[in-house]
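Protein chains: 2
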Amino acid sequence: MLVHTINEVRECIKKWKKEGLTVGLVPTMGALHNGHLSLIKKSVEKCDKTVVSVFVNPIQFCPGEDLDKYPRTLEADEKLCQNAGVDIVFAPSPKEMYGEGHILSNDFLTYVVPPFFYVDKLCGKSRVGHFDGVCTVVNKLFNIVQPDYAFFGQKDAQQLIIIKKMVKDLNIPVEIIPCPIVREESGLALSSRNKYLSETDKKEALALSKILFNIKACYDKGIKDVDALSETAYGFLNEHHSLEYLEFRDKENLEQKTLADDNTQVFIALRIGSVRLIDNILLG
Amino acid sequence: MLVHTINEVRECIKKWKKEGLTVGLVPTMGALHNGHLSLIKKSVEKCDKTVVSVFVNPIQFCPGEDLDKYPRTLEADEKLCQNAGVDIVFAPSPKEMYGEGHILSNDFLTYVVPPFFYVDKLCGKSRVGHFDGVCTVVNKLFNIVQPDYAFFGQKDAQQLIIIKKMVKDLNIPVEIIPCPIVREESGLALSSRNKYLSETDKKEALALSKILFNIKACYDKGIKDVDALSETAYGFLNEHHSLEYLEFRDKENLEQKTLADDNTQVFIALRIGSVRLIDNILLG
Numbered sequence: 213m214l215v216h217t218i219n220e221v222r223e224c225i226k227k228w229k230k231e232g233l234t235v236g237l238v239p240t241m242g243a244l245h246n247g248h249l250s251l252i253k254k255s256v257e258k259c260d261k262t263v264v265s266v267f268v269n270p271i272q273f274c275p276g277e278d279l280d281k282y283p284r285t286l287e288a289d290e291k292l293c294q295n296a297g298v299d300i301v302f303a304p305s306p307k308e309m310y311g312e313g314h315i316l317s318n319d320f321l322t323y324v325v326p327p328f329f330y331v332d333k334l335c336g337k338s339r340v341g342h343f344d345g346v347c348t349v350v351n352k353l354f355n356i357v358q359p360d361y362a363f364f365g366q367k368d369a370q371q372l373i374i375i376k377k378m379v380k381d382l383n384i385p386v387e388i389i390p391c392p393i394v395r396e397e398s399g400l401a402l403s404s405r406n407k408y409l410s411e412t413d414k415k416e417a418l419a420l421s422k423i424l425f426n427i428k429a430c431y432d433k434g435i436k437d438v439d440a441l442s443e444t445a446y447g448f449l450n451e452h453h454s455l456e457y458l459e460f461r462d463k464e465n466l467e468q469k470t471l472a473d474d475n476t477q478v479f480i481a482l483r484i485g486s487v488r489l490i491d492n493i494l495l496g
Numbered sequence: 213m214l215v216h217t218i219n220e221v222r223e224c225i226k227k228w229k230k231e232g233l234t235v236g237l238v239p240t241m242g243a244l245h246n247g248h249l250s251l252i253k254k255s256v257e258k259c260d261k262t263v264v265s266v267f268v269n270p271i272q273f274c275p276g277e278d279l280d281k282y283p284r285t286l287e288a289d290e291k292l293c294q295n296a297g298v299d300i301v302f303a304p305s306p307k308e309m310y311g312e313g314h315i316l317s318n319d320f321l322t323y324v325v326p327p328f329f330y331v332d333k334l335c336g337k338s339r340v341g342h343f344d345g346v347c348t349v350v351n352k353l354f355n356i357v358q359p360d361y362a363f364f365g366q367k368d369a370q371q372l373i374i375i376k377k378m379v380k381d382l383n384i385p386v387e388i389i390p391c392p393i394v395r396e397e398s399g400l401a402l403s404s405r406n407k408y409l410s411e412t413d414k415k416e417a418l419a420l421s422k423i424l425f426n427i428k429a430c431y432d433k434g435i436k437d438v439d440a441l442s443e444t445a446y447g448f449l450n451e452h453h454s455l456e457y458l459e460f461r462d463k464e465n466l467e468q469k470t471l472a473d474d475n476t477q478v479f480i481a482l483r484i485g486s487v488r489l490i491d492n493i494l495l496g
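Heads up: the protein sequence lines correspond to chains A and B, in order. Take 213 as the starting number for the first sequence in our numbering and just add one per residue. Take 213 as the starting number for the second sequence in our numbering and just add one per residue.
It should be emphasised that the hints constitute simulated quantities derived from the structure, not laboratory data. Remember, it's a predicted structure, so these values are computed and weren't measured experimentally. Be aware that a few hints might be false.
What the hints assert, rightly or not - Coverage of chain A stretches by chain B, computed from C-beta distances (three or more under 8 Å per stretch; other residues unrestricted):
#, region
1, 317-328
2, 349-358
3, 372-381
Said to hold, decoys possible - Pair by pair, the computed Cβ-Cβ distance ranges are:
#, chain 1, residue 1, chain 2, residue 2, range
4, B, Lys-337, A, Ala-288, 39 to 45 Å
5, A, Lys-376, B, Val-340, 25 to 31 Å
6, B, Glu-277, A, Lys-376, 29 to 35 Å
7, B, Arg-395, A, Lys-376, 55 to 61 Å
All C-beta atoms, glycine included, are put in the ideal place defined by N, C-alpha and C.
I would like the entire structure built from these sequences, with the hints used as guidance.
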């Protein structure tokens with residue numbers, strides 16, 4: 213069922229809670245692909261009822277980012293959800309989520325702000341304010357849907373870590389279920405932004421997964437030194453790639469590692485032309 | 213029942229929710245007086261179950277403020293609650309609320325940050341970060357207790373306005389019930405910080421309510437000009453008083469008024485020696 217207003221969602225949730233049913237939430241920005249589908253399937257399997265939110269959240273885009281051209285495919289998204297057994301597709305307007313009559317900024321809106329230590333690195337470094345927007349909208353969705361479980365992909369690893377930290381810090385009564393990255397056969401991690409890639413770009417984009425898989429293979433062979441592991445990346449890079457970061461950090465608290473261990477997560481962000489792609493792998 | 217851990221509270225709440233009972237929350241910093249009692253009574257009357265939280269929240273005190281000497285009277289508080297029919301007194305330790313092992317700051321904790329326009333004035337001007345701490349702890353308490361209703365005193369008017377804004381902005385499923393200021397016969401608004409006042413100070417403290425009552429009387433007589441209304445205050449001030457602010461603002465969005473109307477709230481903060489007192493009145 214496609215629903216556009218907060219009140220309609222609340223009505224359903226209220227009824228379900230009264231019946232003692234469990235609720236799963238899969239927050240998305242739409243343009244659903246098989247990565248999202250894996251989250252949705254997990255929720256449908258685990259929970260009595262599943263809500264998928266489809267909302268391109270304006271406050272998590274930075275100036276100059278792709279807010280306006282971000283792919284919007286609601287009709288197809290709804291069909292995919294219906295076939296997967298989703299109970300509610302919640303697709304609110306920006307006005308429904310943030311009201312109108314004022315600029316969307318922390319001058320006039322309450323924000324949920326993740327810890328500085330978690331956002332001053334990796335994607336947060338280039339996307340200033342991005343995770344404030346993410347935490348704020350996810351907090352709102354949690355308050356609207358009141359899910360027992362919420363499903364997040366490990367593809368956006370820093371986001372997942374920050375959401376888990378928010379849930380812990382604010383005592384939010386929800387269990388976060390991390391879901392593994394879904395990849396094309398080529399190794400490319402699924403992402404709505406892959407739609408921006410030409411066929412040639414797509415081949416260049418394989419560098420991300422190749423670099424990560426190779427680092428994991430080297431780690432498994434016994435190389436623990438992060439500098440040595442990092443250096444193995446350069447063989448996969450060419451003039452079409454602009455490496456934003458390749459970092460080795462703790463999978464829970466994002467502290468930097470100099471020696472890799474089983475709790476080390478490797479994060480990569482790479483630009484191919486104007487398209488920015490991310491990927492990550494856990495070494496353990 | 214006195215409870216110190218989040219898990220114990222959650223257990224009770226879960227049971228109550230299953231039985232379909234409504235829950236009221238009265239968040240306090242303890243040192244309970246008749247002002248708090250009026251909130252508690254309202255909750256006990258309105259809700260099936262009432263939780264009173266007693267927590268001197270470290271992150272809402274600014275450097276140099278009275279965190280350490282803030283009055284703590286848990287035994288008396290518990291008795292007062294028991295007599296009033298409260299079901300749970302929730303008195304967690306700072307460690308229970310914020311964990312341990314790191315400094316309490318936005319470097320390592322997720323904060324709920326109210327809009328800048330609401331905090332750059334009145335008490336927020338001198339108490340930088342205060343309302344971030346308030347919103348964060350109230351958000352946590354809401355997530356722990358999941359109340360249907362939460363009761364706040366109109367004495368801390370800016371706080372009440374900011375909490376209502378937070379609830380709206382973050383879609384928190386709770387109804388905020390504002391409760392009128394309780395005053396001594398003298399007119400002095402009840403406050404836990406009144407305990408800091410000597411007998412002489414207490415007489416000087418009457419200036420706050422006298423100024424507000426007089427402004428209201430002048431307004432009722434037809435004076436609408438804010439400058440003229442402000443000037444009536446000086447007759448009540450002497451060398452023992454240090455006026456921090458006397459402001460006329462909209463009761464909902466805190467916009468400044470030049471002409472008073474029925475939606476105008478008058479806010480005052482006054483220092484008497486080292487004690488800082490606040491009060492307010494609605495003109496309508």
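Right, here's what the structure says about each hint:
{"no.": "1", "hint": "317-328", "verdict": "holds (count 11)"}
{"no.": "2", "hint": "349-358", "verdict": "holds (count 5)"}
{"no.": "3", "hint": "372-381", "verdict": "holds (count 3)"}
{"no.": "4", "hint": "B:Lys-337 <-> A:Ala-288: 39 to 45 Å", "verdict": "51 Å, violated"}
{"no.": "5", "hint": "A:Lys-376 <-> B:Val-340: 25 to 31 Å", "verdict": "29 Å, holds"}
{"no.": "6", "hint": "B:Glu-277 <-> A:Lys-376: 29 to 35 Å", "verdict": "32 Å, holds"}
{"no.": "7", "hint": "B:Arg-395 <-> A:Lys-376: 55 to 61 Å", "verdict": "46 Å, violated"}
This entry does not satisfy hints 4 and 7, going by the numbered hints stated previously.
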